[in-house]
Each structure stands twice: as structure tokens, then as C-alpha cells.
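Undergrad: Here is what each chain is made of, one letter per residue.
Protein chains: 2
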Amino acid sequence: MYDQLRFDYLSCAGHPHLSTPNFDRVAQMGVRFTNAYVQSPICGSSRMSFYTGRYPSSHGAQSNGYPLRVGEQTLGDHLRREGMECVLIGKTHMKADVEGMARLGIDADGIIGVRQAECGFDAWVRDDGLWAEGPDGFYDEKRSPYNEYLKSKGYPTENPWAHFANAAVTPEGDIASGWMFANADQPANIREEDSETPWLTREAMGFIKQAEPGWCAHVSYIKPHWPYIVPAPYHAMFGPEHVPEARRHASERIDPHPVYGAYMRGKVAQAFQRDDVRKKVIPAYMGLIKQCDDQLGFLLDFLQDTGRMQDTVIVLTSDHGDYLGDHWMGEKDLFHDQSAKIPLIIYDPRPGADATRGTTCNTLVESIDLAPTFVEIAGGKVPDHILEGRSLLPWLRGETPAWRDYAISEYDYSPTAVCAQLGVEPRDARLFMVFDGRYKMIHAEGGFRPMLFDLQNDPDEFHDLAKSDDHGAEIDMLYQHLAHWGRRLAQRVTMSEEKIKAGRGASARRGILPFLTDGSEVPPDLTAKYQGRAAKRFVED
Amino acid sequence: MYDQLRFDYLSCAGHPHLSTPNFDRVAQMGVRFTNAYVQSPICGSSRMSFYTGRYPSSHGAQSNGYPLRVGEQTLGDHLRREGMECVLIGKTHMKADVEGMARLGIDADGIIGVRQAECGFDAWVRDDGLWAEGPDGFYDEKRSPYNEYLKSKGYPTENPWAHFANAAVTPEGDIASGWMFANADQPANIREEDSETPWLTREAMGFIKQAEPGWCAHVSYIKPHWPYIVPAPYHAMFGPEHVPEARRHASERIDPHPVYGAYMRGKVAQAFQRDDVRKKVIPAYMGLIKQCDDQLGFLLDFLQDTGRMQDTVIVLTSDHGDYLGDHWMGEKDLFHDQSAKIPLIIYDPRPGADATRGTTCNTLVESIDLAPTFVEIAGGKVPDHILEGRSLLPWLRGETPAWRDYAISEYDYSPTAVCAQLGVEPRDARLFMVFDGRYKMIHAEGGFRPMLFDLQNDPDEFHDLAKSDDHGAEIDMLYQHLAHWGRRLAQRVTMSEEKIKAGRGASARRGILPFLTDGSEVPPDLTAKYQGRAAKRFVED
Numbered sequence: 001m002y003d004q005l006r007f008d009y010l011s012c013a014g015h016p017h018l019s020t021p022n023f024d025r026v027a028q029m030g031v032r033f034t035n036a037y038v039q040s041p042i043c044g045s046s047r048m049s050f051y052t053g054r055y056p057s058s059h060g061a062q063s064n065g066y067p068l069r070v071g072e073q074t075l076g077d078h079l080r081r082e083g084m085e086c087v088l089i090g091k092t093h094m095k096a097d098v099e100g101m102a103r104l105g106i107d108a109d110g111i112i113g114v115r116q117a118e119c120g121f122d123a124w125v126r127d128d129g130l131w132a133e134g135p136d137g138f139y140d141e142k143r144s145p146y147n148e149y150l151k152s153k154g155y156p157t158e159n160p161w162a163h164f165a166n167a168a169v170t171p172e173g174d175i176a177s178g179w180m181f182a183n184a185d186q187p188a189n190i191r192e193e194d195s196e197t198p199w200l201t202r203e204a205m206g207f208i209k210q211a212e213p214g215w216c217a218h219v220s221y222i223k224p225h226w227p228y229i230v231p232a233p234y235h236a237m238f239g240p241e242h243v244p245e246a247r248r249h250a251s252e253r254i255d256p257h258p259v260y261g262a263y264m265r266g267k268v269a270q271a272f273q274r275d276d277v278r279k280k281v282i283p284a285y286m287g288l289i290k291q292c293d294d295q296l297g298f299l300l301d302f303l304q305d306t307g308r309m310q311d312t313v314i315v316l317t318s319d320h321g322d323y324l325g326d327h328w329m330g331e332k333d334l335f336h337d338q339s340a341k342i343p344l345i346i347y348d349p350r351p352g353a354d355a356t357r358g359t360t361c362n363t364l365v366e367s368i369d370l371a372p373t374f375v376e377i378a379g380g381k382v383p384d385h386i387l388e389g390r391s392l393l394p395w396l397r398g399e400t401p402a403w404r405d406y407a408i409s410e411y412d413y414s415p416t417a418v419c420a421q422l423g424v425e426p427r428d429a430r431l432f433m434v435f436d437g438r439y440k441m442i443h444a445e446g447g448f449r450p451m452l453f454d455l456q457n458d459p460d461e462f463h464d465l466a467k468s469d470d471h472g473a474e475i476d477m478l479y480q481h482l483a484h485w486g487r488r489l490a491q492r493v494t495m496s497e498e499k500i501k502a503g504r505g506a507s508a509r510r511g512i513l514p515f516l517t518d519g520s521e522v523p524p525d526l527t528a529k530y531q532g533r534a535a536k537r538f539v540e541d
Numbered sequence: 001m002y003d004q005l006r007f008d009y010l011s012c013a014g015h016p017h018l019s020t021p022n023f024d025r026v027a028q029m030g031v032r033f034t035n036a037y038v039q040s041p042i043c044g045s046s047r048m049s050f051y052t053g054r055y056p057s058s059h060g061a062q063s064n065g066y067p068l069r070v071g072e073q074t075l076g077d078h079l080r081r082e083g084m085e086c087v088l089i090g091k092t093h094m095k096a097d098v099e100g101m102a103r104l105g106i107d108a109d110g111i112i113g114v115r116q117a118e119c120g121f122d123a124w125v126r127d128d129g130l131w132a133e134g135p136d137g138f139y140d141e142k143r144s145p146y147n148e149y150l151k152s153k154g155y156p157t158e159n160p161w162a163h164f165a166n167a168a169v170t171p172e173g174d175i176a177s178g179w180m181f182a183n184a185d186q187p188a189n190i191r192e193e194d195s196e197t198p199w200l201t202r203e204a205m206g207f208i209k210q211a212e213p214g215w216c217a218h219v220s221y222i223k224p225h226w227p228y229i230v231p232a233p234y235h236a237m238f239g240p241e242h243v244p245e246a247r248r249h250a251s252e253r254i255d256p257h258p259v260y261g262a263y264m265r266g267k268v269a270q271a272f273q274r275d276d277v278r279k280k281v282i283p284a285y286m287g288l289i290k291q292c293d294d295q296l297g298f299l300l301d302f303l304q305d306t307g308r309m310q311d312t313v314i315v316l317t318s319d320h321g322d323y324l325g326d327h328w329m330g331e332k333d334l335f336h337d338q339s340a341k342i343p344l345i346i347y348d349p350r351p352g353a354d355a356t357r358g359t360t361c362n363t364l365v366e367s368i369d370l371a372p373t374f375v376e377i378a379g380g381k382v383p384d385h386i387l388e389g390r391s392l393l394p395w396l397r398g399e400t401p402a403w404r405d406y407a408i409s410e411y412d413y414s415p416t417a418v419c420a421q422l423g424v425e426p427r428d429a430r431l432f433m434v435f436d437g438r439y440k441m442i443h444a445e446g447g448f449r450p451m452l453f454d455l456q457n458d459p460d461e462f463h464d465l466a467k468s469d470d471h472g473a474e475i476d477m478l479y480q481h482l483a484h485w486g487r488r489l490a491q492r493v494t495m496s497e498e499k500i501k502a503g504r505g506a507s508a509r510r511g512i513l514p515f516l517t518d519g520s521e522v523p524p525d526l527t528a529k530y531q532g533r534a535a536k537r538f539v540e541d
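Residue numbers (the UniProt record's numbering), protein chains in the order written: chain D, 1 to 541; chain S, 1 to 541.
By construction, these hints were calculated from the structure, which means they are not laboratory data. Among these hints, one or two may not hold up.
All copies of an identical chain are treated as equivalent in the list; a pair is satisfied when it fits inside any one copy or across any two copies.
[As the list claims (entries may be wrong)] Keeping only pairs whose Cα atoms sit at most 25 Å apart, straight-line, the calculated DSS-like set for lysine-lysine is:
#	residue 1	residue 2
1	Lys142	Lys153
2	Lys142	Lys501
3	Lys536	Lys153
From just these sequences and the hints, can you work out the full model?
TA: Spelled out as C-alpha cells, the structure:
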């Protein structure tokens, strides 16, 4: 998993200037899914959906830093039940439910507590990749294995992530922080081999080298997520001439949906509305992706050389995209394809997948489909009373199973300034995307109108059709989908479908018979415990 | 809490033949809520909603015997946080999530594990009151304190609950089981004082006698739940002449909703369609209620005599009703008022409630409103990111707060024969009631049409308006309510509204600054950690 890797910044996905031969190589060996959506276009919530196989409204960790409730089952639980290891190498953005663990008396240092805090993974290395620091301290209060690594390599500050990996140096010898877009075209002041992507790639190889067969490794890169700065030579590979025109339309700023309007007025969006910013930042973003691709090449060669390419399923994906100035927006957060759609490439070495190698598949995929896919790969039956996604393996085998009619994605903006500006209560600061393959509707709680885009006639999503009253029928249909989804079975997690069926009739055979007139209605063995001589008489005749 | 006590089988609620002076006495001291609905018309699921303050689709224990997931917070968690004890005396129908507890390493015998298994209560005495026994063993595999009590009192079998408390004795000296309606007019073969209701009343008094101030006691009677049999003299207080005509209409059997139709064809319903059954059973049901009322009288006198009446809030309610042959139905399970509506009387001794004593309140109450009511009584702030109901205290104070537009109730028939007969998968065997105070719609998953009743023009709910196409507008409106409910915030239980608001802006002060062109956009302290001389140069100029 890459972080903030936009679906169309790969050459196999048609990028005009960015060549990613190693992503393309996996796409050639497997299937590239061209309609894959995250369940939330923000790191933490999206990832918790990947890891639990459940929608944000089901797992409850609906924004960054919102703890995943203790006991919520994850891929780790499901895979270990099938005898498969489940290992983390890199980022999860998991926030432990410390209060919940204390309430249940779970020892934070025991194996169960540690896994609860790591959303079910055994951490080979946990590094969320944002070692930002301000007047109130570090954003991430954990120990940074990456900073420890850099220090061991002679990077001489307490936070070399900030001062070297994510900063350039001026000719005068001053730190030029990667947080500032003005520095995005400078090389990070770090040896390329020590930068985050190569470091994590070596960690992944280190894990694989020593692993016994039967593992699932979540190799989870922070890049190409911001800060937008990359070491040489990647800083110089792309320039302003490789930056596509911003995909934005004047009409988007006219009578925008209030939530979209507030986002467009935000600091990040305003920065990305400037062409000088885009021309500095996007070449760095491309350089970061190019570095990711090169490192992927090393990893693929390593798998090939060690024989692992024949018995390893490879999935390449991202937790969300990046607007990069399209739609007058920066970052992610809303539901245009630039934000909510992700790259998804799956390689399955088994002969059953031979028929689909090198193909694309445009079925409507949700990120929650990966957890059940992995459970099926591990040889398990998908616990579909817990996991809300569906295994993608049939598509890899060339089958065309009956499939979902719509995809849902959610965004919780309760922690943001937008929520405060709009005067919305945190509980109402929630957006829902419903996409049926053609129409994409965004519903906003709190009394706002919806947004509606027709991706068939307006693939760029410039024209919000809900500004007029002309599309009531489409809106009604999408609201029906959303209502259907709202009634989904999400919390009956303690009873499987099979167990429910098998339990039918059990209570009668355990003496519960609230329908007998005289007992003749049922076989005598059902009432035998209620028959016989009364052992004593306590009442008068 | 009484079990299966129908809302209209109290004299204060207008029953023509049943006098319940002690229920009425509490109603005179407090407020009787005349529009209170359970969140599920079946014991286990309804009770888990009372105890968690959450809808069945939120807590997930959607039918009897479906374990409440480990970690789901209950009244016990919320009240103990406020320094209040939370004690069980009687029935909960709680099924422990043994698998979940094992997964989290929770010692089943430790205080945390025991409370998890008792849905948060400390059990003064736990007795679910159904010690039924069949060829496959006991329905309830726990130890029965009530059976132990009976044995200590000289009832000479291993299951005196079945053989004495819930059985008569024939003139020939044979057991005449209370499971058989033919025996419902006979006195149970037990001293009245040893029967379940007096026994539990004494247990309640025993608890109160020794309790330090600051407790919530769930005094939870099994009666008037079946088996329908009652000791003397209650068995003889009511006869066929006190049995109201069945409230049923020939039109209900014409083209019924498929789920309702299947229930009407079930064994329980068919039994209660017989007038001879009703005339045997209903007098016993009334006798059981009369006994409950008498015991309530003893309890009220005890509170009065011990000074507790001045500092104890009393809530009288039930977990659901009983069709008793109305609507051609027996038992509960569906959403006619006989099943889903409950008695609810609240007495608050504090002066603030003086203005409402002896009044009724017809606001739309849900059973999940009690948990927040109790938290407020305990002096706490209602954790409204967890509890889905609303405190009723304002109504007791005579206020008329803005209130809900609709009530929801749910029923999961996945474990039933009806589900199998209709060919519905367990995940689709779910019904949702939406009631706006006038129209009551029942939505059934699985592709069925809805049901619709107009309680203003058809208070008996005989005419299902959804049989025709004439009420599309009302149905659309109720579906909009249901859709709104489906999008409710139910699982973001690790973050309160206050915590979310307080956390805004925190990431910028911890160095997350993804919007800076050159740093001049923010106060210097935000970027201070990224400034200064570079400690070393790793890249060429």
C-alpha cells in the first residue's frame, strides 16, 4: 500500500509523463481494477476499513486519530484463525482504544493488547511516517523506527525525518523544510538509499527473508504522501512541463455545495489553486512515485530471485488519492475520483488466474473487498457476518459473479475547521458517497442538498447536477441505494449465518413449548420432562 | 421490569377487568408514558437495547441467544463511571460473547469477565426464569438460583421450577404442566409465597436492605411471561367472563403481508386463534399480573417504611407485550401495539417532578431512553456518542423539549421457522418498524412490500394500507425516516462530541502543515522545529 497515490499517476493507468514500469509489470502479471474506491478518502478511516473489511460507519473509527474500538475484529484475527501470519511493515495510522482496553482489563503490553493497539497486526516495523513536530510536541507520540535508523546512519539531529528526509538545504546551509511548497523542487538532504521508501523496502525484504511460508505482509509506504520533497535524482526527473493542466472548471465555483465550497476556501485548496504551487509540488509528487516504482522493481526482483514470485499474491493499492489542484482542491477528503478512487492491481500466481493476466476489470470494487479476498487466499471461509466486502478472487479467475449495484464511501469532517465554519455539530459532519457506476451522489448530513455527477456524460465531474431540480429521479434512486445500505447487517458479528440456521428448532428440544394445548401436538420426548407423578402435593384439592 | 406485560393490562391503562392498584399508585406519584415502544419485540434483543441504550442494529444482539459483543458498553459501565452501583435481581436474557472474551484474553471468572457476561450488571441474583428442559437438556445452562431456593424449601425434584412453580397437579396426583394451555386454569402446585414473583420481590428487598446509597437495581421479573400458570388464589381470580373479545379482523387474513401471514400460520398463533385457549390462558395471565401488582404493593410499602420512597426513582416497564390472540397472533414478535408498545411509569421523588405527578405523557418514547435517563439521574453527562436514546427527565419536569419525529423498532426472525418457510436468508430476516405517532410502517428486508397502518383512523391496526397503492406518499415519508435512521451515528463510540471539538487545530500545533508555500502563512512558532542551520549536508550543491 502506498499513501495518497492517485489512481491515474501510473503509466498503466495512462499517465502521459510518468513511466512506472514496475507497477505496469504487476499489472501485466495480474488484473488492474479500474473502478476501485476507498471507503473513506482519508488515511486513518480508509485504512481501518481495509483492515476490518468494514465501512467506517460499521467500525466507527471515522476519522484520523479516532480510536478503533477494542474488540473490533481485523484481518489479523481472521487470518490467524486460518493459520496465516499477519505482519505490518510501515504505516497503519491506527489509534489504540486505550480507554476501552483499560475498561476490559487488557494488558497493553501483552500479545493481545499489543495486537489490539496495532489493529491486529504483528509489527515487524510500525512507522506511520509523519514525525511532524510543533510547539505542542510531536504529532505522533510513538517511537520512530525510521528516525532511529537515520540516527544510526549518522544523521545528527533528534528528528532527522524532519531535518533531512523531508527537508532540503539552502546554498547558505539552512534547513529548507519540505513542508513549504517553495522547497519542493529541491533535493531532500539525505542519501537516496536512506530515504523512507528504500528503507521500508529493505525492511520488507528483511521480513520475507526470514519468514516461514504462510504470511500476509502489509508493506505500507508513507509515500508519495506529503511532505512533497524527494531526494536526488528523483527531484530533478520532472519539471513544470510534466504537470498536466488542473482539471477544474469555472462553474465549480458557482453556487457550490456548501461543504465543497468551504473546502475550496480552505488553506490547502487555496495553495493548490495557485499554478506556481502545482508546478513545484507535482514534479516532486511524481518523483516520489518514480522512486516507489524503482523500489517496487527491487522488491519484485527479490521475489523472483528467491522463488517467492510463484507462491506470493501481490496487491498494489493506495489508501486514497490526491487532488493536486484539480477541482480547485488540494489533498483528499471529498469524493471526486482524484480523491476517492484508488489504483488496485492484484497478481495471483496460481494457474486459475492465468486467463486474466494483463487484463483490466471495471467492476465496482470497494477497499473492504481485500480483507475477504485475503481470507479466501488463506483458505478460509469468509465470515460474512463480520466482513462487509466480497472476495475479488472470482474476477481473477475470469468469472463474472453477481455483484454490488453501488459503492459507498464516507467522510467524517467533524475534526475540521470546515465543520466549525459551517456551524455543523460533529455528529452531523458526515458525507456519504453513493456511486452506481454512472451517477455519483454525495449526501451530506445536517440539512444540506446533495451533490450529483454523471460520470458518463461528465467524466471530469465538473457539473454538479443537483444544483438544479432536473435530476430528481436519479437522486431518488441513489438515495434508495443509500437507504438500503443504511439498513445493512453490520453489527450481528457474534452469529454467523450458518450458526443461525443450525440453531433453528433447538429451543423446542430444550423444553421451550409455548404452543401446547395438551401436549399431543408434539412427539412425547419433547414433553417427557414435564410428565409423571407429582412428587408432592402443595395445594389443596 | 416485568416480562411480556402488555401495556393495556393495567387498570391505570384502562383494563376493564383487571385492577392493579399498586401500578396505579406509582402512576399517581409519577408520569405514565402512553406511547412507549421497545426497540425489539422479543426478550433478549429488547433487553440488550434497554441495557446498552442502543438499537439492536447498533448493539448487534438482534435475537434471543445472540451474544452481546464483548466491549459493548452497558448501563453498568455508564453508571459506575458516575459512582453508582448497577445491580441485577432477576432476568436479563444475556448471552455472553464467550468467543470474544477468549479472543481478548478476558478471564471469565474475574470481575471484568463476570460483568461482561452479565451485560454490565453485578448480579445480586441472576435468574432468567426459563428452566425448561427437553431431550437435548436445559434451555438455560446456568445454575438456577430459584430452583436452588425451591429445593431448600422442600420441593423434591431436580427441577421444581418445571414440576411445581410451573405445573399443577391432577386429582390423580400427576404433573399437569403449565406448558399446556389445558392446565392454565389450575393452581400451580406451589405455596404462593414460594412462587417466582414473591421470591424475587424478597430478593429485591434483601438487596435494598443492605445497600449503601447510590444504586441502580434492575428488579427483573420473569412474570407474567409464559408458562401461563399461577398459584392459588390468583388462578381463580379471573374467568372466561373477564377475557375481552379478541381484537382481530377477518380482513387481516386476506392477502396478508407474507411475514405476517407466516406468523399467523405458526403454532403459537394457531393456538391463540382458538377461543378455548384464550379463555384458559388469559385469566392465568391476568392472575400473574395481579400477583405482580400485589408484590409491587409489598415493595412500595417496604420503600415507604424504610424511608427509601423519598430518595428512590421507580421505573415500571416491560420488555414487550403479548398478542394473546389479537390480530390472530400469540406471543410477540411483530409490531402491533399489543406486542411492541409497553407500559412505562416513572416516579421521581424530587420536587422538580411535582408538577407532573399523576399525569400521562404521550410523547414518542423508546426503551433506549431509559439508559440516558438513569445516567442523568446518577449525575452524569449522557455520553450521546454511545447512547442513542434521550433522557426522559425533562418530561418529568413538565418541559416539552424538541423531540424525535419517529420511533424505530426492529425484529430479527432469522432463528425462526418462518425464515426457513419463506426461503429468506438469515441476513435478510429483519423487520423494521417506523412509527411517527400516526402512521406505523413495517419494512421487511428480502424484497417484500411494507405494511402500513394509520393509528388515527384505525387504532386497532386492522387495515394494512400497503395492500393497495393508495398511500405512496405516506410510505415514502416513512421510508425517508427509516433512511435517516439508517445513517445515524452509532459506532463512533470512542470519540465524544466534546473531545472532537476540543481536538480541532491540534495537528497544526504538532507540526502538520500541508499548506505552506514558504512558511509566512503561519506564526513562526508553528514552523520553529523546521528552521535553523542544517546540521550536515548530505547532497551535492
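Undergrad: Indicate, hint by hint, whether the structure satisfies it.
TA: Verification of the supplied hints:
1. Within a single copy, Lys142 and Lys153 get their C-alpha atoms as close as 20 Å, which meets the 25 Å cut-off; across copies the closest is 62 Å, which misses it.
2. Taking the closest pair of Cα atoms, Lys142 and Lys501 come within 25 Å of each other only across two copies (24 Å); inside a single copy the shortest separation is 46 Å, beyond that limit.
3. Proximity of Lys536 to Lys153 under the C-alpha cut-off of 25 Å is restricted to the inter-copy arrangement: shortest distance 12 Å between copies versus 88 Å within a copy.
The structure meets every hint from the earlier list without exception.
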